[in-house]
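**Q** Residue-level listing of the chains:
Protein chains: 2
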Amino acid sequence: MEEKVVKAIQDDYPEDFAWCYGCGRLNEAGHHFRTGIKGDETITVYQPEPEHTAIPGFVYGGVIASLIDCHGTGSAAITLHQKNGGEVGDGKDVPRFVTASLHVDYLMPTPQDVPLKAIGKVEEIHPKKFKVATEVYAGEKLCAKGEVVAVVMPQSFVTQASE
Amino acid sequence: MEEKVVKAIQDDYPEDFAWCYGCGRLNEAGHHFRTGIKGDETITVYQPEPEHTAIPGFVYGGVIASLIDCHGTGSAAITLHQKNGGEVGDGKDVPRFVTASLHVDYLMPTPQDVPLKAIGKVEEIHPKKFKVATEVYAGEKLCAKGEVVAVVMPQSFVTQASE
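Residue numbers (this note's numbering), protein chains in the order written: chain P, 1 to 163; chain Z, 1 to 163.
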C-alpha cells in the first residue's frame, strides 16, 4: 500500500516561504513535496509526473535532486522545530532553512511508474546547521542516495526577498 | 547582451535520448537546456520560468541543480564527441552520458530576473567517465558551483528503456 504523509512540515511554513517550486503549497505549478515523520526518520513521498523523464520509463535526475533538496530542508525544519518543543502539525511557526549544499549519488535508473519515497536521517552539526542523509526508493529499490547541508535562513535572505 | 548557444549538443542527441525533462528537445514540458562550446569551456544559458522560485525573486535550487546536471552530461558528450573527431552541430551521432553523481554548493541567493549561465570545465577521469566542474552565474554574480561525474550510458540502461 502506498505510504502517505499526513502531517507535513511544509503545511506550516509561513506564507512568504510557501512559494518554493519544490515544496511550496502556494506554488500551483510546483512539485508540492511534503515531508513528515516516520519513527526517528523523515519521509517524503512523491509520484513523478509523466513528463519527468530521463529517458522514457525512468525518472529525471533533476527531479530526484529536487526531492532530496526539499526533503533535506524540510527534515532540518522538523528537527529544529522539535528541538524547540514543537511538533509537526502543531500550527506554530516553524524554522526556515536554505540549502548550503546538495549531493546526489545515482545508484540505478529510477523507474517512473511507482511513487518515490525519500527517507532521511538528520544530524545537527551546529545549532543553525543540519546534515540530512537521504535514501530515495522507488518501490523497494534503492535508486539514489543524497546529502543536504541545510542552514537556518539568514535574515539577509528574508530582507532581500521582501524588498 | 544576452549570450546565446547557437549550436547545442542536445540538438544531435538520438531521438530516444531526446525526452529528458532537463535537456530533451522533444519533451515539450521540459527546460530545454542547450549546451555548446565557448572557447575551451562549455556553456548553457537558461532563463528560469516565473514559477521556478525558491522564495519570490530567487531561483529554486532544484532548477539550478537540474541545470548543472544536464550541463554536465552535455559537456561530457561534447568532449567525447570532439575526442572522437566530431564537432558540435556536425549532425553525427553523439555519445550519451548519464549522471553518476551531482554536487552543488549554493553560494548566494540566485536572482530570477536575469538568464543563468552555466560555464563548465571538463576533465577525463577514465575513457568512459568525465568530471565537469561548473559555475553558475546570474548576470555577473557567481551564485552556485557544481560538479557532475558523468559516465557513458551503460548498454543495460538503453536495453531496459527500449523493453
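Rather than coming from a laboratory, the hints here were simulated on the basis of the structure. Treat each hint with caution, since some may be false.
Since the list gives no way to pick one copy over another, a pair counts as held whenever it fits inside one copy or between any two copies.
[Stated by the list, open to error] DSSO-like, lysine-lysine: derived pairs with alpha carbons at most 30 Å apart:
hint: 1; residue 1: Lys83; residue 2: Lys141
hint: 2; residue 1: Lys92; residue 2: Lys141
hint: 3; residue 1: Lys141; residue 2: Lys128
hint: 4; residue 1: Lys92; residue 2: Lys7
hint: 5; residue 1: Lys92; residue 2: Lys38
hint: 6; residue 1: Lys145; residue 2: Lys7
hint: 7; residue 1: Lys38; residue 2: Lys121
hint: 8; residue 1: Lys83; residue 2: Lys7
hint: 9; residue 1: Lys128; residue 2: Lys145
hint: 10; residue 1: Lys129; residue 2: Lys145
hint: 11; residue 1: Lys7; residue 2: Lys141
hint: 12; residue 1: Lys121; residue 2: Lys145
hint: 13; residue 1: Lys131; residue 2: Lys145
Nothing here was measured: the structure is a model prediction, and the numbers come from that model.
**Q** Cα distance capped at 30 Å. Does Lys121 pair with Lys145 within a copy, between copies, both, or neither?
**A** For Lys121 and Lys145, the Cα distance is within 30 Å both inside one copy (12 Å) and across copies (25 Å).
**Q** Pop the pair Lys92 and Lys38 into one bin, within, between, both or neither, using alpha-carbon distances up to 30 Å.
**A** Cα proximity of Lys92 and Lys38: one copy only (20 Å, versus 51 Å across).
**Q** Reference check for the pair Lys92 and Lys141, CA-CA at most 30 Å: within, between, both, or neither?
**A** For Lys92 and Lys141, the Cα distance exceeds 30 Å both inside one copy (36 Å) and across copies (36 Å).
**Q** Using 30 Å as the alpha carbon limit, work out where Lys145 and Lys7 are close: within a copy, between copies, both or neither.
**A** Within one copy only: 24 Å inside a chain, 34 Å across chains, cut-off 30 Å.
**Q** At 30 Å max between alpha carbons, let me know whether Lys38 reaches Lys121 within a copy, between copies, both or neither.
**A** Classified as within: same-chain Cα gap 11 Å, cross-chain 42 Å, threshold 30 Å.
**Q** Please sort Lys131 with Lys145 into within, between, both or neither, judging by C-alpha distance up to 30 Å.
**A** This pair counts as both: shortest intra-copy Cα distance 13 Å, inter-copy 19 Å.
**Q** Classify it for me, Lys7 with Lys141: is the Cα-Cα distance of at most 30 Å met within a copy, between copies, both or neither?
**A** within (25 Å within a copy, 38 Å between copies)
**Q** Are the CA atoms of Lys141 and Lys128 at most 30 Å apart within a copy, between copies, both, or neither?
**A** Between. Shortest inter-copy distance 26 Å satisfies the 30 Å Cα cut-off; intra-copy 33 Å does not.
**Q** Between copies, within a copy, both or neither: which fits Lys128 and Lys145 at Cα up to 30 Å?
**A** both (23 Å within a copy, 22 Å between copies)
**Q** Can you tell me if Lys83 and Lys141 fall within 30 Å by alpha carbon in one copy, between copies, both or neither?
**A** Answer is neither; intra-copy 32 Å and inter-copy 36 Å both fail.
**Q** What label fits Lys92 with Lys7 when the C-alpha limit is 30 Å: within, between, both, or neither?
**A** within (13 Å within a copy, 52 Å between copies)
**Q** Within, between, both or neither: how does the pair Lys83, Lys7 come out at a Cα-Cα threshold of 30 Å?
**A** within (18 Å within a copy, 53 Å between copies)
Checked against the numbered hints listed earlier, the structure breaks hints 1, 2; every other hint is satisfied.
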